[in-house]
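Asker: Next come the chains, spelled out residue by residue.
There are 2 protein chains.
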Amino acid sequence: MNNQKAASSKEQKKLVANWSHLIKVFIRPENETSRNALVKYMRPILFGLHDFLNQHVGVTSNVSLKDMASHFTNSTLSEQPEKKLADVITDLIENIAPHAVNIASPYFVGHMTSAIPFFMVHLKTIVTALNQNVVKIETSKVVSILEKQIIAKMHRLLYQKKVAFYDANIQRADAALGVFVEGGTMANITALWVARNNLFAPKKGFAGVAREGVPAAYKAYGIEKCVVLVSRLGHLSIRKAGGLLGIGNKNIISIGVDKNNRIKLDVLNRTIKCIKEKSKIKILAVVGIAGTTETGTIDPLEELGRICAENRIHYHVDAAWGGATIMSKKYRHLLKGIELADSITIDGHKQLYMPMTCGMLYFKDPERMDAVAYHSTYINRPGSVDLGIKSITGSREANSIILDSAFKIMGTRGYALLIDHGIELAAELAQEIKKRPDFQLITEPLLNIITYRYCPLDIQKKLAEPGHKGRRALNRRLNEMTRMIQILQREAGKSFVSRTTLMLGNKQKERIVVFRCVLMNPLTDMNILKEVLDEQEEIYSKVLPEEYRF
Amino acid sequence: MNNQKAASSKEQKKLVANWSHLIKVFIRPENETSRNALVKYMRPILFGLHDFLNQHVGVTSNVSLKDMASHFTNSTLSEQPEKKLADVITDLIENIAPHAVNIASPYFVGHMTSAIPFFMVHLKTIVTALNQNVVKIETSKVVSILEKQIIAKMHRLLYQKKVAFYDANIQRADAALGVFVEGGTMANITALWVARNNLFAPKKGFAGVAREGVPAAYKAYGIEKCVVLVSRLGHLSIRKAGGLLGIGNKNIISIGVDKNNRIKLDVLNRTIKCIKEKSKIKILAVVGIAGTTETGTIDPLEELGRICAENRIHYHVDAAWGGATIMSKKYRHLLKGIELADSITIDGHKQLYMPMTCGMLYFKDPERMDAVAYHSTYINRPGSVDLGIKSITGSREANSIILDSAFKIMGTRGYALLIDHGIELAAELAQEIKKRPDFQLITEPLLNIITYRYCPLDIQKKLAEPGHKGRRALNRRLNEMTRMIQILQREAGKSFVSRTTLMLGNKQKERIVVFRCVLMNPLTDMNILKEVLDEQEEIYSKVLPEEYRF
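Order-wise, the sequence lines are chains A and B.
For the working numbering, count along the first sequence from 1 and bump the result up by 5.
For the working numbering, count along the second sequence from 1 and bump the result up by 5.
One or more hints might be untrue.
No copy is singled out in the list; a pair is fine if it fits within one copy or between any two copies.
[What the hints assert, rightly or not] With a straight-line cut-off of 30 Å between C-alpha atoms, the simulated BS3-like cross-links for lysine-lysine are:
#, residue 1, residue 2
1, LYS341, LYS166
2, LYS335, LYS89
3, LYS499, LYS514
4, LYS19, LYS281
5, LYS466, LYS440
6, LYS19, LYS334
7, LYS474, LYS281
8, LYS71, LYS209
9, LYS474, LYS514
10, LYS71, LYS514
11, LYS395, LYS209
12, LYS230, LYS208
13, LYS499, LYS209
For the record, the hints were derived by calculation from the structure and aren't laboratory data.
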């Protein structure tokens, strides 16, 4: 792990950068020996990394973070080469992989990052070997065309428009049914960017918010501020977008949720009415969530769509997590109303099981993105098919190849099986938690995310007493205990459950720390989850320091 | 290429999505046969794609774009699997790759996308196989620590601070010497986001621009607008940032350039003075360019640094293209003064020869990014090492592994050889263009980008006559001719030179269309470039339609 002495001095003498060595790495190897070597190196990459990871399930090895960091303090780049490719691969396998996180373990049920099918690695390698840049047609050609097709396919899955609509728009140069981005955060930011530029469009005496800025836009439209309405469980990126886009993240208004963690429609309606009465405020967008990050809840998408249509508000659905549920015949009804959304975020690297990093954003109206077009004289000329015209990012790899190929290999039915497994496993886990007296289910799962905590039965009884005075104090102690159990379990390295803090209680003002399971790995089953619960019980009774215990 | 009938009906009958098939693709294959198959698939990916590309040098095949698009109009996702991995790979090799762009050809000298060393494909495959998510330490661990180290190494290359500085900051949880982003565009946007949030920091009665928005910020600071100053050759992304961040892209002020395409310092100084006299305007940043996209010019970085320091303005250097020159002992003097920059953009997928998509942003002050920190309860908690805290993007793949490994394999010296080759080849090409009577060099290369046009000698003479009345008309005709030659050469498919439009002439008000060569492929040499020029001569004399000729 110590990079400073990574290469033996003997090796250092051998390796010298020179032109003839250098250009060799750019030339396609013509002889079979060199080709075989390059293929052979893929073996440890495909299996070696995983073999090592397999010995370290869970998030942590026994080297602590601080200790680990102390080995990575070399700030000097070597002038001469230090290693050959084969040694770099060995080094990564022996010194890096064992200290990385085994996100692919079926015991890793804590985050939205999980195992991906093996073929995804091959598909990403194809993208890299082609190394096309879809910012412009001159560096991508057929790949940009392929991207437009897979975007239309996904759009149809979500919006179910008529065939004629797709025939007209699928390859139209200036239509944008959607766009590939880096992930859900960028998709949400892009959606609100598009909504902002459309809300403050050019009009007489005003060249539009893109050109003139937010202060001039407010002046031109006679308002003092604009707001975005989203449930209290909205993703961090909505706030980030508020800050980035210059409307201020305090103007991302949190709407309360009901006991099922869904946005309260009456509160939303009241808020909209109240804002509309104040003529100095505009509503930039209402965001519905299809799979909240913390609890996997889905807002009432259809009702939200109706409210937005009535009030002519841009309706964005953040389906980064839950969007893929549309492929499940059994559970797609949960997303009913998503087709009303003006824009939809969906993440490739979440439940489409693509490698990091890939997100997408879809638009009902193929011209909605016109408001964010940028051109230049050397690329992205008006009228071209250049995909960089309507995108925050410039140069961009062709992840569309991965998604297109993955669908060919899996079919929507393959994805549906994964989705169904996660949802049904979460329901089973909920039953199991209810069965165990010392556990408390905090949120009933709707999709494949579940929150709960360890809470000895007698404490649960105390908490249930109406008007119990020690309630807040008890919850504070439980919070500290939950936090500590989560850390101890993580550090034991056998399994990983994440934790978050939910606002709960009568008026939902009490901060409750909970365990959070995200179930998206098809190799995770009830036996494994029972082990995870057993381990938490054991940590409470045998490992937890006395002061945390009840 | 026709996807609709891609899978034979026989195959479609065979392939059915079911659970036992499905989980197999998630399980590490234990038997040697399966493992061998997965390794074997890498062979066509590594070589097949390139073999096919090799038969189609240049940007286009003989299938026109429109014709090609007509084969990609299927908007239906198949419910059942259509193909196995092996067939998907074959399909990509036979039907997609031949119509992609052979950016790796030494005859492809038109854009900043070029050949990458073979080992880069392996390195990207490693990143994918590990599939860590550096948004948080819980899904990346050692990889986030490795990222902090390679960022410090790059920072030191650029800023040359004392060792003690790096010792103190390299692994400091809350320090950010830099950040990995998707590319130069995102780096420039992030730099101006950081600058904006620092300029309009919280103060008494004002919670900061991130919280309150741009209109409130202007009010709190008593101004009417803020501006960014950058030369006329500034990258599109600066304007995009102006729009995105809510200050308005018309407030990206273009400063004129001298005959060497460098920002005019006297005009800049006058502009700053003029703005400062008007107390209602603030300068958000001055952007210096180290390698303009169109001409490869480097602004006087040292003088810009001095001017910014005197006027206390955030100094950003967009070194997306030219930054890598710092590794060349012979040419790093061209970047003198870059160490004065408050922030520096550098692109990984440009002259660091990384695969798409990777950019970086560096900060002189490790605390400058504090102004853009975002936290949540489930990840990115305050005080954690989570790299997602200060970043526009959320989830993010670990491209730092690629950069770190590439330096180990190449050494800075290896990169320097590539840099030197490009710069020196451009100088040679300039000489060659001057030697040919019917060519006109438009911009002398400083780095490895050169612009020129075809212009018959007698027309050159006419244009050189002082006060020649037909000058503008002649240039318009030349522009049309240049545009047509570029298109004809691109469509011939043997080589690819890009084109752009420069503002030239006495008062730089004439729009001149030029050929643009970007020389970054080590396999490109003078023989190839002579062929490119020969081909352009031949297109003029033999292929160009009569009406374009003189």
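Asker: All hints, please: hold or fail.
Answerer: Comparing the hints with the structure gives:
For a Cα distance limit of 30 Å, the shortest separation of LYS341 from LYS166 inside one copy, 15 Å, qualifies, whereas the shortest one across copies, 57 Å, does not. Taking identical chains as interchangeable, the C-alpha atoms of LYS335 and LYS89 lie at most 30 Å apart only when they sit on different chains, with a minimum of 26 Å there against 51 Å within one chain. Proximity of LYS499 to LYS514 under the C-alpha cut-off of 30 Å is found in neither arrangement, the shortest distances being 34 Å within a copy and 68 Å between copies. Taking the closest pair of Cα atoms, LYS19 and LYS281 never come within 30 Å of each other, the shortest separation being 74 Å inside a single copy and 58 Å across copies.
Taking the shortest Cα distances, LYS466 and LYS440 sit within 30 Å of each other inside one copy (16 Å), while across copies they are farther apart (93 Å). Taking identical chains as interchangeable, the C-alpha atoms of LYS19 and LYS334 lie at most 30 Å apart only when they sit on different chains, with a minimum of 22 Å there against 61 Å within one chain. Taking the closest pair of Cα atoms, LYS474 and LYS281 never come within 30 Å of each other, the shortest separation being 42 Å inside a single copy and 62 Å across copies. Proximity of LYS71 to LYS209 under the C-alpha cut-off of 30 Å is found in neither arrangement, the shortest distances being 60 Å within a copy and 38 Å between copies.
For a Cα distance limit of 30 Å, the shortest separation of LYS474 from LYS514 inside one copy, 16 Å, qualifies, whereas the shortest one across copies, 79 Å, does not. For the homomeric pair LYS71 and LYS514, neither the shortest alpha-carbon distance inside one copy (36 Å) nor that between copies (59 Å) is at most 30 Å. Taking the shortest Cα distances, LYS395 and LYS209 sit within 30 Å of each other inside one copy (24 Å), while across copies they are farther apart (39 Å). Taking the shortest Cα distances, LYS230 and LYS208 sit within 30 Å of each other both inside one copy (19 Å) and across copies (20 Å).
Within a single copy, LYS499 and LYS209 get their C-alpha atoms no closer than 64 Å, and across copies no closer than 49 Å, so neither meets the 30 Å cut-off.
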